[in-house]
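**Q** This is what each chain is made of:
2 protein chains.
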Amino acid sequence: MAPEADAMFEPLAPQPAYRRVSSAIEQKILKRSLRPGDPLPTETELARQFAVNRSTVREALRQLESAGLVGRPGGGKRLVVTRPAQSETASRLRRALALDEVTFIELWEAMLAIAPRTAALAAQHPVSEDLAPLAQTIAAVESARNAEAAVSAVSEFFARLAALSGNKVLMMAMEPVTGLLAPSLRRMIDRVPQGRSRILVAQRCILEAISQRKPDEAEAWMRRHVEDFRRGYELAGIALDTRVALR
Amino acid sequence: MAPEADAMFEPLAPQPAYRRVSSAIEQKILKRSLRPGDPLPTETELARQFAVNRSTVREALRQLESAGLVGRPGGGKRLVVTRPAQSETASRLRRALALDEVTFIELWEAMLAIAPRTAALAAQHPVSEDLAPLAQTIAAVESARNAEAAVSAVSEFFARLAALSGNKVLMMAMEPVTGLLAPSLRRMIDRVPQGRSRILVAQRCILEAISQRKPDEAEAWMRRHVEDFRRGYELAGIALDTRVALR
DNA sequence: ACTGGCATATTGTCCGACAATCCGACCATC
DNA sequence: GATGGTCGGATTGTCGGACAATATGCCAGT
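Taken in order, these protein sequences are the chains called A and B.
Note that this note's numbering has the first sequence beginning at 1, numbered continuously upward.
Note that this note's numbering has the second sequence beginning at 1, numbered continuously upward.
Rather than coming from a laboratory, the hints here were simulated on the basis of the structure.
From the three backbone atoms N, C-alpha and C, an ideal C-beta is built for every residue, glycine too.
A few of these clues could be false.
[What the hints assert, rightly or not] So, partial list: chain A residues that the calculated Cβ filter (under 7 angstroms) puts toward chain B:
1) Leu-34
2) Val-52
3) Asn-53
4) Ser-55
5) Glu-59
6) Leu-99
7) Asp-100
8) Val-102
9) Glu-109
10) Arg-117
11) Ala-139
Model the full structure from these sequences, guided by the hints.
**A** Structure below.
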């Protein structure tokens, strides 16, 4: 990872002003002295405080905007501090993975690691969760007219499950994986006729295990479910090292 | 998540020019018609093509730069298309999780899901990997003078392990988790005297299992290792729902 | 209290300018 | 021929100023 381990000097790079400005504001946000909802000073005011031109401030603001640290909720005019929306972060992660030429098998392995534990957590968490949404997505998988709709319902199933687990880290990890797996799943459903019914059986069992608060059972079913997914993929005759693509 | 489900109309928001420009370039990159390494046209040229002012182009470029889609490798002047560096994406994810007030226990659960499978994969992958770096980080943990160094060596251990697994998704997932867990680990090591030696024992066993290509054993040891971590944390008398902070 | 209108502030976009510096070409030297 | 120096043009970083569109806040009127 460090190809120039023998380099004696760091390349000295005086950062441009727009980056220094954005870092300064970013630090304030990360240190929580600027908190979500707080409005930022106006561009002219920022320019005055940093003693730079407004254009420079604007470039800095665009960086923060792109990072999701500031935003314009409600289509307003002034920028306010915000936290990166989970969906935003997830899609960024998805993009990064896709550009990294991640293969199906890598995603599947990650899925195999994450999903079963997530199911177990969803089953064991004491919070009196509402299982209706989960059941709804199962129904959506069943009643979906085309493969497209079925696939997105399956993704939704995993997302809801992660939400039930109450674990934000797992939620954040799950979304990019299912999102990237979706096209593969779609092809699989197209080619393997019994695929959908097998998915439904597994989902129902998982739901059942969760509603009965049996973590081990939920975990086991989920593991089987994920493994089944891989089998279906092989059955569909697609190479495991196929690189995933964006939608 | 959709508080205005009864809204009849989407708020029509004609996006500002700088966003349209950045989206246009972004699309080209995501579609791979602009590929990493390709130099972008100059700002003036882009301004001409999009028929906007150079300032507007610059704001768009700052967005892409912040997204890691373009960069300036080697401190050059011209921007070239690049893929988001994994470290960059990981730190963004770390930030997002930290701002989301993720708790220790959530991170730990994610770790428990990811790390054992990662260890198993590292042990079973047929590639003739070099285990020396892994052994080195263990040595670093042992010889570390202060808690700070020990902690960063432990993080490094997990990162190397993920690298050995050859799974980019797991690598990407591991980094933010260990990074956010680091401060907790640090406090734990400070307060639990035998903590470090237990870590070392586990790490050696994992290394041993990997070098002997015993996935199950590696997985089991890693699970024990992670569970041990939690125990140490409780022993240190820190609440499990403590929110993690950045560095 | 709600509404509508008005002045002001703020953003989005443009123009033009200039210093710093990176790049490539050209040239001298060994 | 390879290395190193010089130079001019191209490109970026930053600045100042300008103006239209519109969000915001204030005030009057009902």
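**Q** Give a verdict on every hint.
**A** Verification of the hints:
Checking Leu-34 (chain A) against chain B: minimum C-beta separation of about 11 angstroms lies over 7 angstroms; hint violated. The closest approach between the C-beta of Val-52 (chain A) and any C-beta of chain B is roughly 14 angstroms, which is over the 7 angstroms cut-off, so the hint fails. Annotation: Asn-53 (chain A) was flagged as interfacial toward chain B, and the flag is violated, the nearest CB pair being 10 angstroms apart, outside 7 angstroms. Annotation: interface hint on Ser-55 (chain A) holds; nearest CB of chain B at approximately 6 angstroms, less than 7 angstroms.
Interface hint at Glu-59 (chain A): satisfied, since its Cβ lies 5 angstroms from the closest Cβ of chain B, which is below the 7 angstroms cut-off. The interface hint given for Leu-99 (chain A) is met, as the beta carbon of that residue sits about 4 angstroms from the closest beta carbon of chain B, less than 7 angstroms. Of the supplied interface hints, the one on Asp-100 (chain A) holds, with its beta-carbon coming within about 5 angstroms of a beta-carbon of chain B, less than 7 angstroms. Because the beta carbon of Val-102 (chain A) sits about 5 angstroms from the nearest beta carbon in chain B, less than 7 angstroms, this interface hint is met.
Taking 7 angstroms as the C-beta cut-off, the interface hint given for Glu-109 (chain A) holds, the closest approach to chain B being about 5 angstroms. The beta carbon of Arg-117 (chain A) is positioned within 7 angstroms of a beta carbon in chain B (closest approach about 4 angstroms), and the interface hint is therefore held. For Ala-139 (chain A), the shortest C-beta to C-beta distance to chain B is roughly 19 angstroms, which exceeds 7 angstroms, and the interface hint is violated.
In the structure shown, a violation is registered for the earlier hints numbered 1, 2, 3 and 11, in ascending order.
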